[in-house]
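Asker: Chain by chain, the residues run as shown.
Protein chains: 2
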Amino acid sequence: MKQGTSIQRGANDPGLINQGRRQILLGSAGAMAAVSLLGFAPLAKAEEPKTLPDYAAWKERNALIVHSTNTMETRRDAIGQGVVTPSDRLFVRNNLPTPPESIVADRDAWEVRIEGVKNPKTMTIGELKDIGVTTTASVLQCSGNGRAFFPHGAGGTQWSVGAAGCVMWTGVPLKDVVAALGGMADGMEYITSTGGEELPDGLDPKQVTVERSVPTRALENALLAWEMNDEPLPLTHGGPLRMVVPGFYGVNNVKYVKQVAFTENQTDVKIQASSYRIRDVGEKGSPDQPSMWEMNVKSWVTSPLETGTSGRNMIYGVALGGTVPLDKVEVSIDGGKSWKAARFLGPDLGPFAWRPFVMATDLSPGEYRIVSKATDVEGNSQPEGRIDNERGYGHNGWSDHGVTVAVS
Amino acid sequence: MKQGTSIQRGANDPGLINQGRRQILLGSAGAMAAVSLLGFAPLAKAEEPKTLPDYAAWKERNALIVHSTNTMETRRDAIGQGVVTPSDRLFVRNNLPTPPESIVADRDAWEVRIEGVKNPKTMTIGELKDIGVTTTASVLQCSGNGRAFFPHGAGGTQWSVGAAGCVMWTGVPLKDVVAALGGMADGMEYITSTGGEELPDGLDPKQVTVERSVPTRALENALLAWEMNDEPLPLTHGGPLRMVVPGFYGVNNVKYVKQVAFTENQTDVKIQASSYRIRDVGEKGSPDQPSMWEMNVKSWVTSPLETGTSGRNMIYGVALGGTVPLDKVEVSIDGGKSWKAARFLGPDLGPFAWRPFVMATDLSPGEYRIVSKATDVEGNSQPEGRIDNERGYGHNGWSDHGVTVAVS
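Going line by line, the protein sequences match chains L and P.
With the UniProt record's numbering applied, the first sequence corresponds to residues 1 to 408, in that order.
With the UniProt record's numbering applied, the second sequence corresponds to residues 1 to 408, in that order.
Some hints could be false.
[As the list claims (entries may be wrong)] Selected chain L positions facing chain P (Cβ under 7 angstroms, derived; list incomplete):
#1 Asn-296
#2 Ala-341
#3 Leu-345
#4 Pro-347
Hint data in this document are derived by calculation from the structure and do not stem from the laboratory.
C-beta atoms are modelled at their ideal positions from N, C-alpha and C, and glycine is treated no differently.
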């Protein structure tokens, strides 16, 4: 029944266990050999075999579903029960082609322009490192995580549950940078971050530039991060420097950040003005619609996924509260008719982190619909259904995220 | 000044940053190429170049000082500021040759005998996984960490500061196993764990068997762990199953554990009866001397280590309280004449975890003796000097653990 839990993962694969990443990095031979041993086989059948793009070649292929060169999600059975997602299992979603490795050749020399403060300044990472440092655990999740569950076929990557992970970010608190530059200029309402990607030729910058505005309420927790999970921030994930807005959807965590501006208004580039907006099916995007900022409360089961053995079973999953601490997670093995409290597993890394949970239950032979429902300390709880919207954003309905398990 | 911090590490090595472990695992070519770029060069000069033994070939060579086939420590400049030590940087210390990989071929089938309970039983890991699960962060530290600082030349591996790391352990709480077996038998005072290593031919088992007894007060937090840092416990670190006693020195965390017995007395094997005992220089070991059980409060600086640049500097380090939560860490840049409070960095993973700390300070050109001193919530603080003892165990004196930094 534990197939696919991190506990079981690699259980029959001493090579993977003992050579760790080397086994994976042997390439297709090693990787393919591993697949059948990792317990991922059932899901693997559903996919086209795709290789990892060069910029993500260091990732653990067997832990990922490769949707495209710019989109890879963590397999549901590879999420594990860890309080932090290992970097090589974390999902990848890029809006533009990844910049060349040359931008991480001399990390401390990377420059970021700070505007909309009393004393605007261009600063290097080396300078930022002497202003201050903090480490924050926060969930990185794509706005479209769960899109695959929408019946109307929302366009875009068909993410299931794996466009999310919990990451330990290290960098300078943005508020410390602002304080060092004389404070925010008067009348500013938004923090507008601009990515350093080179724009494809012949395209209107307003259509493709990755530039996101978040309300200044995000300043309290935002950081400019140069490290992820205690290693220099990989280029794959926005290195050398990334804007991190704990508790906000992934798109707001601008990669290769080259400018952070405090502004009176939101930027008018497409990714802010009309994209990443919650709107009815069929409607066009516009600035008056809700933008994908704070994440909502959410959870999903990670094990068991398809089969279980009769007797005592451990049901595992992960839950997040967005910007609000979690209060509890309940699990149902009868599709939501009855619920029992699950227990959080491992240390609490703070309000923006996710929390693995576990619930022990006895299962007799039969089929079970296992669902989980998280509630935060403000009483917000996951709805049963989904809120249909054109782009399939922000799905946290507990019903769609459940799993059907056959116990023999 | 940040040379060797995890922030800086690999700063000029996009390969390492983007291909991560693959770069390392390319072997000598890749590894040697990396060395000069990782900022470890100064320390590297001091060592004999040694390759990693096969059972630890998956480790990050450039993060380790290889003392012998059975002993590898984390370089002081590779410890980083993370709340958890990445598995491939964690120190290694084996008392006997590592068992064959075949013992992790079918992890759930591994058997451990539980004795000294009302209903003694042999249980498989698969069965243990259905009893319960917990995840605990705890420092794993060799009793002889810091031995290199003893002037009398205590025998054994000359560990500096790197025979320690903070690990996330997942397994079943031992007290849950005891409860499932009817409770502890009457009159038992110790938990005696036996390792599953095959003993070298022709040696008296009492001289070589890895079997350790800890007081039953350790039952409250002990676990039988099958996972480390969210991956199946590597054979290198005691997989498939290890006895973990949070807050106790490494030797008590018996690898490949095949029996856990609740006993009236401590085992009489050498590693318990006379080894790992605190005794005066020149004295022989005996059962009446203090055994290496609970760890003491300790800290050390990890950056800067040798050189700094004038102006504002960030001083980083790690601190642990053993079994007692930390209260504070103070840092001195004048060899202990004056002290300033450092700030803990990142989330608190609980009483048995270490805590990275940081202190910002302005340094003008000159030479500085930077030392750190941790104090736990019970008021225990690191002594200035060392407590000389025959085997060089338990060194937590702040003076020896300091670093001399030249600022230009």
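Asker: Hints first: check each against the structure and report whether it holds.
Answerer: Status of the hints after comparison with the structure:
{"no.": "1", "hint": "Asn-296", "result": "23 angstroms, violated"}
{"no.": "2", "hint": "Ala-341", "result": "15 angstroms, violated"}
{"no.": "3", "hint": "Leu-345", "result": "5 angstroms, holds"}
{"no.": "4", "hint": "Pro-347", "result": "4 angstroms, holds"}
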